[in-house]
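Protein chains: 2
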Amino acid sequence: MPLKPALLLAALTLPLPAMAQMSPAQVAKLRDAALKDEIAWDITEGLTTEIGPRLAGTDDEARARTWAVAKLKALGFSNVRVEPYQMPVWVRGEEKASIIAPFPQQLQLAALGNSGATSAEGLEAEVVYFPTLADLEAAPAARVAGKIAFVSHAMHAAQDGSSYGPFGQVRRAGPAIASRKGAAAILIRSIGTDYHRNAHTGVTTFPEGVAPIPAAALSLPDAEQLERVLERGKPVRVKLLLTPRQIGTRESGNVIAEVPGRDPKAGVVLIGGHLDSWDQGTGAIDDASGVAITAAAAKRIMAAGRPRRTIRVVWFGAEEVGGFGGTAYAKAHAGERHALAAESDFGADRVWKFDTALPASAAAIADRLQTALAPLGITRGNAVAGDGTDIAPTLALGVAAVDLTQDGTRYFDYHHTPDDTLDKIDRAQLQQNVAAWTAMLAVVADAPEEIGAVPRPAAGH
Amino acid sequence: MPLKPALLLAALTLPLPAMAQMSPAQVAKLRDAALKDEIAWDITEGLTTEIGPRLAGTDDEARARTWAVAKLKALGFSNVRVEPYQMPVWVRGEEKASIIAPFPQQLQLAALGNSGATSAEGLEAEVVYFPTLADLEAAPAARVAGKIAFVSHAMHAAQDGSSYGPFGQVRRAGPAIASRKGAAAILIRSIGTDYHRNAHTGVTTFPEGVAPIPAAALSLPDAEQLERVLERGKPVRVKLLLTPRQIGTRESGNVIAEVPGRDPKAGVVLIGGHLDSWDQGTGAIDDASGVAITAAAAKRIMAAGRPRRTIRVVWFGAEEVGGFGGTAYAKAHAGERHALAAESDFGADRVWKFDTALPASAAAIADRLQTALAPLGITRGNAVAGDGTDIAPTLALGVAAVDLTQDGTRYFDYHHTPDDTLDKIDRAQLQQNVAAWTAMLAVVADAPEEIGAVPRPAAGH
Chain C
1 MPLKPALLLA ALTLPLPAMA QMSPAQVAKL RDAALKDEIA WDITEGLTTE IGPRLAGTDD
61 EARARTWAVA KLKALGFSNV RVEPYQMPVW VRGEEKASII APFPQQLQLA ALGNSGATSA
121 EGLEAEVVYF PTLADLEAAP AARVAGKIAF VSHAMHAAQD GSSYGPFGQV RRAGPAIASR
181 KGAAAILIRS IGTDYHRNAH TGVTTFPEGV APIPAAALSL PDAEQLERVL ERGKPVRVKL
241 LLTPRQIGTR ESGNVIAEVP GRDPKAGVVL IGGHLDSWDQ GTGAIDDASG VAITAAAAKR
301 IMAAGRPRRT IRVVWFGAEE VGGFGGTAYA KAHAGERHAL AAESDFGADR VWKFDTALPA
361 SAAAIADRLQ TALAPLGITR GNAVAGDGTD IAPTLALGVA AVDLTQDGTR YFDYHHTPDD
421 TLDKIDRAQL QQNVAAWTAM LAVVADAPEE IGAVPRPAAG H
Chain P
1 MPLKPALLLA ALTLPLPAMA QMSPAQVAKL RDAALKDEIA WDITEGLTTE IGPRLAGTDD
61 EARARTWAVA KLKALGFSNV RVEPYQMPVW VRGEEKASII APFPQQLQLA ALGNSGATSA
121 EGLEAEVVYF PTLADLEAAP AARVAGKIAF VSHAMHAAQD GSSYGPFGQV RRAGPAIASR
181 KGAAAILIRS IGTDYHRNAH TGVTTFPEGV APIPAAALSL PDAEQLERVL ERGKPVRVKL
241 LLTPRQIGTR ESGNVIAEVP GRDPKAGVVL IGGHLDSWDQ GTGAIDDASG VAITAAAAKR
301 IMAAGRPRRT IRVVWFGAEE VGGFGGTAYA KAHAGERHAL AAESDFGADR VWKFDTALPA
361 SAAAIADRLQ TALAPLGITR GNAVAGDGTD IAPTLALGVA AVDLTQDGTR YFDYHHTPDD
421 TLDKIDRAQL QQNVAAWTAM LAVVADAPEE IGAVPRPAAG H
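Heads up: the sequence lines are chains C and P, in that order.
To convert, note that position 231 of the first sequence is 231 in the UniProt record's numbering; the numbers rise steadily by one, no gaps.
To convert, note that position 387 of the second sequence is 387 in the UniProt record's numbering; the numbers rise steadily by one, no gaps.
Next comes chain C alone, as it looks inside the complex (with noise of 0.2 Å):
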């Protein structure tokens, strides 16, 4: 059986070949090893408890990078430095909101990432009710204006995130919709899946010529409560008040580590997570342990010798609130080789199922990860690897992609709320998940295939 022209043309190219590459003994070992890791636990306690909230361009958020190059710096990781870059920043104000008729009680909410502000005395308004966010665009203007537009949604937990698509575009286009339509405010159900009264923030848009009305999510006890008293079929009257603004633009930055290579054409395997976090919580799953388990694993990997490829350990800026760091990096970089992108970002439960997308010359690469990973219970999947917002403007350009899902059921009971926090972490799993990355870097950036241009669309989330 002839060579496919592939493999024959992989095999013509490698340099170092048998040499360099790690044997599947020395993978599973490292791998092993890091079902002890401290490092990651250490980066995650640390930055939630000395740094906190981290909302992008803020005073806090440059605290996180000083914060980031001193503990990059400490790993021993090479190229430590910060890529700044400028950002439009909105911040939170006061937030309130009552039902003021026919049963006066407090709701709690939280406003939406762009949402506009009330007066200073808030808005008063009768409140119209959409279940799902095609009622409301279905609805003509004349039922919505003046009024607070309310809308519902079906959203349930799901392994794999798959949930956050659909229905997170009730709080990504709601508002926007709902200000076209002259509402004087929106109300959405948190998109998220607990049954607890913290509200789930999150950004919205409003597009040039769209109106910023105050937008807030009604955390999920309190929508529900909402609902209830609209069936009782009265008038329904709430009482806002919400004062965020928008205070210009500041800066923000990346944070950017090495882990050199021996062979500078191979190109750049990028690996991280973002360090900003929404201003609720104290961002540990979203998304301290991100950055936490890429940087350990990288770590772990320089410890073990000097990679075929340079690992990047990227913690990007500003992800929350519209992929600005991602964005920079791609644009400052695009003149660069990548081999391959890497994000994790969904929090710090087990990495359950992995998913490549690989030219056809460095397919085999699947393959020593399956034989890998299996140990772990991690099963291939068969989608088109290429999840994450910051390494999304990376992969755009035709960067082969490794995505390590992680276990989402309960990822949207805590996302972008006050219960974003230390206490949720489970340290076994953090554990896995450095095993998991530690055995895929060890794979990838060893490959002695050549890991060229993967085509794809752009990426559309």
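Mixed in with the good hints, there may be bad ones.
It does not matter which identical chain is meant; a pair holds if it fits inside one copy or across any two.
In silico lysine-lysine, BS3-like type, Cα no more than 30 Å apart, as pairs [said to hold, decoys possible]:
{"#": "1", "residue 1": "Lys29", "residue 2": "Lys353"}
{"#": "2", "residue 1": "Lys96", "residue 2": "Lys239"}
{"#": "3", "residue 1": "Lys73", "residue 2": "Lys234"}
{"#": "4", "residue 1": "Lys353", "residue 2": "Lys181"}
{"#": "5", "residue 1": "Lys96", "residue 2": "Lys331"}
Treat the hints as calculated values from the structure; they're not laboratory data.
If you're wondering where the values come from, they're calculated on a predicted model, not measured in any experiment.
Dock chain P against the given chain C, drawing on the hints supplied.
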């Protein structure tokens, strides 16, 4: 074998003996029908939705009384009325806290009932940490004076709620101890068992002559965060703003409804829960479910025919803030004969155990209860019954008691937090409660035995 004197006495005093008492089959039929009860859900849903939070002595609690009278009349009870009394009223104000140094960040907290206030600008002081209440008690005043005392504890969930007694002392007694030592303020780890950023309020007491100081509970994630920050060993400064107020004497009241009995001399069976709630949640498990369960069971007995004894359902006012309703009831009704009292104030999860406190002459009632309750999965305990803040002053007069003990494993996840909302009620478990109470009332209200006094020491909690 001769009749024992007690049984002989009982036999001589039976009015309408065999004819009046429900057969075990009749009791079982009523019990099992109650497993499909909708009345308790209707009350719980209605009270939490149409009134919401109802802090004792406020307009909210007054609206709850009006709602309660209408509901109990609509259910067909007799002698529905409010028995008012006066009480001192404390109301929550603003509450904010942040760590100022070394790691600036906000903390989530809730003032304790009867907390003193800071100035309108707040106060800033160094934190001094005590792992237990005993450590605070043992500390010299010089260590505490001018500081913010922070007291932790090791409460864990217990099915029978027994951890609330000892660990609750941190809340009940801690603030006065800190005040006596000259503390500027006190923060406690919430008396709770969850990990959500919802602080557990609850009443504290400053005895005559002890100055009320600002006193608040941190949510558990915040308490552990503060512990981690303290562990770094640097001085920790916190800024605290609490502006609650004592607003003087106001009216509260008990709402009373009756199922008249056939035999006025047989004594009243007193049951109920409390109508007031803390202000942070809608008081679903504390204690809308308790008033709902007891009223639903009484309604079911009423529908089955006139019982021997009058069943009096009391929806007590002002339980949370010092048991004013229970005290007022005992005072107003001290001259009346009570056969037995029982209270439902531990959530809405299933009854798993029952205990009794009965005179020897009525001991057979406990055996019949065992038969009636066992099919619901309820075992007979070996404790002396008498649980409940509201019935305690009545029990102290020597009244017999039954405790239907609910599963409290998750009760302190929600107790006194914003999270005490309708979604925490499991409808099937609520129905099991109604079935247990219906069976208990069927046995007790119709019992042919006399139920005389039970000597007991004054209730201790």
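Checked hints:
| no. | hint | verdict |
| --- | --- | --- |
| 1 | Lys29 with Lys353 | within (21 Å within a copy, 53 Å between copies) |
| 2 | Lys96 with Lys239 | both (8 Å within a copy, 22 Å between copies) |
| 3 | Lys73 with Lys234 | between (62 Å within a copy, 23 Å between copies) |
| 4 | Lys353 with Lys181 | neither (43 Å within a copy, 57 Å between copies) |
| 5 | Lys96 with Lys331 | neither (40 Å within a copy, 42 Å between copies) |
Taken one by one, the earlier hints fail for this structure at numbers 4, 5, listed in ascending order.
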